[in-house]
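S.K.: The chain contents come next:
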Amino acid sequence: MSSSRGVWLAWAVQALLVLAVVAGAVWVVHHALEVLRARGVRSGFDFLTEPAGFSISEGWLDFDASQPFWRAFLAGLINTVRAAVPAAIFSVVLGTLIGIGRLAPHVLLRGICTAYVELLRNVPLLVQLLMLAFAMANLLPDPTEPVRLLPGVWLSKGGLSVPWPMVGEGGLHFELPERGDFGVSGGAALSPEYVTIVAGLSFYSAAFVAEIVRAGILSVSQGQVLAGQALGLSPVQQLRIVVLPQALRVIVPSLTNQLLSLTKNSSLAVAVGYPELVSVANTTIGTNGRAFECIAIIMAVYLLLSLLISFGMNRYNARVALRGWR
Amino acid sequence: MRSVTQGPIAWRSELWGSPLRSLATVLLLALLAWGGFHVVEWGIVHAVFRPDAEACRAVQHGACWGVVAEKWRPMLFGRFPYEEQWRPAVAVVVLSAVTMLSAWPRSWRWWLVPLWIVALLLFVLLMRGGVPGLIHVPTGRWGGLPLTIGLAVVGLALAFPLALLLALGRRSGWPVVRTLSASYIELVRGVPLISVLFMASFLLPLLWPAGWQPDVLVRVLAGLALFVAAYLAEIIRGGLQAVPRGQTEVAMALGFGRWPVQRDIVLPQALRLVVPALTNNVVGTLKDTSLVTVVGLFELTGALGLALGGDPTWRPFYLEGYLFVAAVYWVLCFGLSRYSVWLEKRLSAAP
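Protein sequences appear in the order of chains A and B.
Numbering follows numbering that gives the first Met the number 0, in which position 162 of the first sequence is assigned residue number 161; successive positions increment by one, without gaps.
Numbering follows numbering that gives the first Met the number 0, in which position 4 of the second sequence is assigned residue number 3; successive positions increment by one, without gaps.
Isolated chain B, as found in the complex (with noise of 0.2 Å):
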């Protein structure tokens, strides 16, 4: 059933070991030889790359990607002044530069909360501006990957308190706050996100009186963090489950009070178990943020159509344009999915 060697070896007795494993070889090569030829001969022999919409329309069996090389910058930063472009860029790299930093497990002392904050602010006033030298840009105008970004960043970021209280919550000993923990986690791990972002959009501006309107931004935002939060918490429910309970009694016995336990002991060893249950939850939040396009936001997602959709030029390419989307929301994935690989098994090897 499983292979028990691997490698080149193994893969010669895999591939031509009996006559049966030799037809399936041979079936299976000339499927991929097929498939890889056809992509080859659409994706590159026949593709257009220069941004020339008259010879995209001439050629037949190939891709445009002339469309990218033309709609780079409305797919990768919506609406934001073209001039301007240069921050949501800069914002987006200072973002991935703290990120990456925080993925290696050596950085994870207690300055890396206010380096986060630091970045954040830098991330806003990068993109909002308004101060001498950076022009104002309303949230209106912000979109693409620095939107899908800073969405996840800091919906993340605001879920997670408040996912450390319901998962604690959760486990308390006290009857009352457990039900409230529960059944706001199972509410809204119950209902679909779209739901919850129709409610951003439509009913949070009831909550306000008619003359202030809080930013539609900023509600969406409201809305990803609650939702995020309940999975958050039983993630983090798992991980504090995880710890031995004797623990916590040697550790009451030893004198630390109930709050003491939980902060010093029993949520230092709960997190560093689930960081990559978390590290796959952010890729999926990365994923879910496409949905804000629904609400009227333009992310990624929503920047392609704000792009094409009305230049009737290119639009008959918006294949190519999904593609190119599709392997930037690729690359981001596949990276995080491969760091929680890596780090499970550092973790594990650690003492």
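With the rest of the complex left out, here is chain A (with noise of 0.2 Å):
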């Protein structure tokens, strides 16, 4: 490409390749429209003030079946949110558990661990979510008889009731769930949908956040690990204080597409019944045909946070690298 006239040509078929992707997105749009027009469907996002005519069953914004769509789309991308932020956390915190635990001394643990690991990674997590679903609605106690798995914390086919901070007379205090007549009172109730995306998400996850933190322990030389036994630092220090500041330079950036993957899983919960974003789009679809338009919001939504948590984790990422290493 050193002759001008090579040049000239490559910018010659790079401007008709615009043309062509113009041309093309140009036509897809108009030929899709003229087709929902001869079929009598109406477009345009003109739906989102009306009414939407469903309901929302849970989440952190009240939502009606006499609300407009758009505050039902709002509602699920909160209930998204709801779902992604704890199943991200659990999975982190259990995944580097075991991350670690697949490389600890004691030959036990490691294979826990790493059956841990084999055993859910080789399942698609649709079939993790729809047996957890099932197990929740059917082979649970009713809400009546709910077990106690630890003092304040009640399971049942009626959810899950954890201890919740309640700001009261005395200030910010716990206030415990207490089990009546009736099945338990107080606290936070989670549905069993919740329980199901958030545990589903948070179990599948931490296998392959395990097998990256694993990666970067092992990315760390031996050499470094001898030289802070010969500091004479217990083996706790030595993972504190060597190996994982070190590690951490390799385990962010896929860390990062852990937890992206993580969010766009959540969509799964469509199929559990949890109202979160997809989910209340695909209603939408149901009720007024408006397929175009919910896909594009779905889409619109998706990339914006894969964005903002792409944009999180650089920052972060800045921070773990090695200066002049970014």
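These aren't lab readings, by the way, just hints derived from the structure by calculation.
Errors might be hidden in some of the hints.
[Claimed, not checked] Covered by chain A, per the in silico footprint, the following chain B stretches (three or more residues, Cβ under 8 Å):
hint, region
1, 20–27
2, 186–193
3, 325–338
Just so it is clear, the structure is predicted and the values come from calculations on it, not from any experiment.
Even glycine gets a Cβ: it sits at the ideal position worked out from N, Cα and C.
Put the two chains together into one complex, using the hints given.
M.R.: Below, the structure is given as structure tokens:
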């Protein structure tokens, strides 16, 4: 491409390519609108201000059938975050423990952690979620006879009840759920669908986080560990002071991808009846047939979430990376 | 931190080397014994293996494997006509045999491509029929394991050429090509597969005139391939970046053209480097095919719903059904990931 003729040719071909892509996109949209009009289907985003006609059973944002669609999508998005953030925290904590456990100087512990990873990551998340949902709905005791897992933690077909911080007269205190004649009251009552999606996502992602953590620890050279030993550091100190800070440089970029995939995987909640964004969009398509608009909303929101997570994790990565090695 | 030595002797000191270790060992053994006892009691001792729903309902703390004995055909083959189910079985065997042959690095020759084309044609012929001797089975009745494997294999086969173009495009010297490829890859990787499948199932029909509808299987396959291509492209790009730049420069200096350099020098090395990562992606795609249940195709996960959902006699034993389906997926995926580890070792050992 050194000759000027070659440069002109390259630009001409690229200009044609841009034209072809733009023309293709315009044709597809135009054609789709035409087909919609021919079938008498209305299109556009004007439906967002109309009453939704369906209700959303749970979430931080109250929503009933008389409120507009845009509020339903907002409630769905908030529910996505409500499921993805706890799942991300649980999976990172559990995954880190299992990843370290896979390298522990104890053969039984290594075996258990390896078995966990190999079992969980080789079965589709959807199958695990459906299995969990079935177990929650059929195998647990009725809400009137809950099992106590820990003091103040109750599990039944009605969901999971956990202690929750409340601001009362005596300042901040934790309200413990109490068992009464008609089930558990007080604390935070989490629906079975919510427990299914958070637990399923956490357990599944933990297997991948464990592999990332393990690879990160293995990337730190053995000499560093031996040097730590020579300095008289305990095994926990070796891990905390010598290994983990260096391993983080390898871990953080892969962990970013894993968190992105966790967020996208939260869309599988549609299959277990937890009303997050994709579920709300699916219901909306069933109600008014605005498939194009609803799918555009899903894609736009997920792209935005992905960008936000990438941005946040890149900031964190800049902090753990070696100076000059960004 | 890390165990340097391994084997039974190292294990003994790991298990009983100090009082603390012995305590941990005893605790873990107790945990394993407790868990193992319950699993064996539920899954074997108290389990019912006969396809006898009465006996299954009578047993309190035992698995009902009878549901698998009774329903394994609809679980594995979905709604495929009962008498014709030898066809999907043979189709699965054909694809598995060709896959295993391709797994052997010595068979990485040109004849693998025509072999795959013949195998895929045979697969479609067996599934679809419509020739003398084989009655026609519409794609709506395909299901179960053959659909899972077929979707994964054909989806990947369709995605691969596109991924290759995208990977080369993202490294192109032409800014427009680079931007277009990068935007496509990042756009697709930013959205969940479910939204792409919704698009294939709800939106693609709008692009055709009302009278003519492409088959839902074809649309889903197109969506899956477009989705997988973005991930494959990034893996291939990783391989392309690992080939030293000097090789390109030397080849150019020797008079190779722009495309022959990529085709004969860079790509063969790059693809060889990324085969383990590609295998991991195959595992991911195989697991992802379970999502097509959401848009109404009954592959392995969906076929279970078909087999048990409409049958009140066996519906209470979904858990055993899920465990069976999970076991099938596990065998396939674990086998592939072990293969990937083996291949990585073998390729890194090769000169």
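S.K.: It remains to establish, for every hint, whether it holds in the given structure.
M.R.: Do the hints match the structure? See the list:
no. : hint    : in the structure
1   : 20–27   : holds (count 4)
2   : 186–193 : holds (count 7)
3   : 325–338 : holds (count 6)
When the structure is compared with the earlier hints, no violation turns up for any of them.
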